[in-house]
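Visitor: Position chain D against the provided structure of chain H, taking the given hints into account.
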Amino acid sequence: MEQIWEIVIAFFLIVSGVFGFVGSFGMIKLKDPMSRLHAPTKATTLGVGGVLIASILHSLTLEDHISLHELLITLFLFLTAPVTALFIAKWHIHRHETPETLPPTGGDGRWATHAVAPDNDTPEHTAN
Amino acid sequence: MKLLRRIFPHPHLTLLLTLVWVLLANAPSLNSVLFGLILGIVIPFITQPYWPDRPKLRNWPMVVEYILVVLWDIVVANVTVAGIILFKRDADRKPAWISIPLELRSPEAITVLAGTITMTPGTVSCDLSERGLNLLVHCLDAPDPDAVRDEIKHRYERRLKEIFE
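Line order of the protein sequences matches chains H and D.
Residue numbering for the first sequence follows full-length UniProt numbering, starting at 1 and increasing by one per position.
Residue numbering for the second sequence follows full-length UniProt numbering, starting at 1 and increasing by one per position.
This is chain H alone, in the form it adopts within the complex (with noise of 0.2 Å):
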């Protein structure tokens, strides 16, 4: 029995592993900043989502105790991530893009990051 648990354990951990790499692949890879954003939203979900369950497991199978840690684990990063990729992304938009390359609104006045009036304190090193 224990046999299959470790086998278990380990799909999850490879599985993991795996997404990892081609997060951090893809961050070579992808050529863009804003493509390469996708990348680490993904190694936060799979890729940490597998050693998370092989852990649990780990503890529930083979240490005879229950262990239920990785699971707020899974909660906080679920409510960072997002935020942190908004932040990445606020930025890309304000330094690299205008309101003609992105798509319309709807009639909904600009997108956020472009209805801030300029700054005139602005220093001149982070002046677009």
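Hints should not be assumed to be uniformly reliable.
Result set (DSSO-like, lysine-lysine): computed pairs, CA atoms no more than 30 Å apart in a straight line [claimed, not checked]:
hint, chain 1, residue 1, chain 2, residue 2
1, H, Lys29, H, Lys90
2, D, Lys56, D, Lys2
3, H, Lys31, D, Lys88
4, D, Lys2, H, Lys29
5, H, Lys90, H, Lys31
6, H, Lys90, D, Lys2
Rough simulated footprint, nothing fancy, chain D against chain H, three-plus residues with beta-carbon under 8 Å [to be verified]:
hint, region
7, 4-16
8, 63-72
9, 86-99
10, 102-110
Some chain H residues near chain D, calculated using beta-carbon distances under 10 Å [to be verified]:
hint, residue
11, Val22
12, Ala54
13, Leu75
14, Ala81
15, Thr113
16, Ala115
Just so you know, these hints were derived from the structure itself, not from any lab.
From the three backbone atoms N, C-alpha and C, an ideal C-beta is built for every residue, glycine too.
Guide: Structure of chain D alone, referenced to chain H:
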């Protein structure tokens, strides 16, 4: 009843905080449950002014369905995106911006939708329009941007609308 409401202004949050504390302690002893409960009472009480009109979740079976659908989509989309990264030449890939007209109005629902779009690989939500009527989404590879838009509206927004509104 009124007293109960004052002690537990947000019963779900109380429950969630207690659960999170017990999970953090990683040992369901009476000790951690009690202290979790204390936190679960004190924190909602102190933060009460920060959620003036919080939304009521209407449809609990739909919440469960939504979570399952999203988890399943994450797995499927992960495989798809891994395929795009590994096997598709960069020149053949068609990244696209799409604009999604929103029917959701409550900020909480829009936040959940934007978070879901980001967590399902292949799409990242990037910005809102000035009055919050449209959501800007970037797709890693979208030969047909309209199809992506319709799928997001049908799969996620329709369900969120039933949950929140």
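Visitor: Look at each hint and say if it fits the structure.
Guide: Structure-based check of each hint:
no.	hint	verdict
1	H:Lys29 <-> H:Lys90	holds (22 Å)
2	D:Lys56 <-> D:Lys2	holds (19 Å)
3	H:Lys31 <-> D:Lys88	holds (13 Å)
4	D:Lys2 <-> H:Lys29	violated (60 Å)
5	H:Lys90 <-> H:Lys31	holds (18 Å)
6	H:Lys90 <-> D:Lys2	violated (44 Å)
7	4-16	violated (count 0)
8	63-72	holds (count 5)
9	86-99	holds (count 5)
10	102-110	holds (count 8)
11	Val22	holds (5 Å)
12	Ala54	violated (15 Å)
13	Leu75	holds (8 Å)
14	Ala81	holds (7 Å)
15	Thr113	holds (5 Å)
16	Ala115	holds (5 Å)
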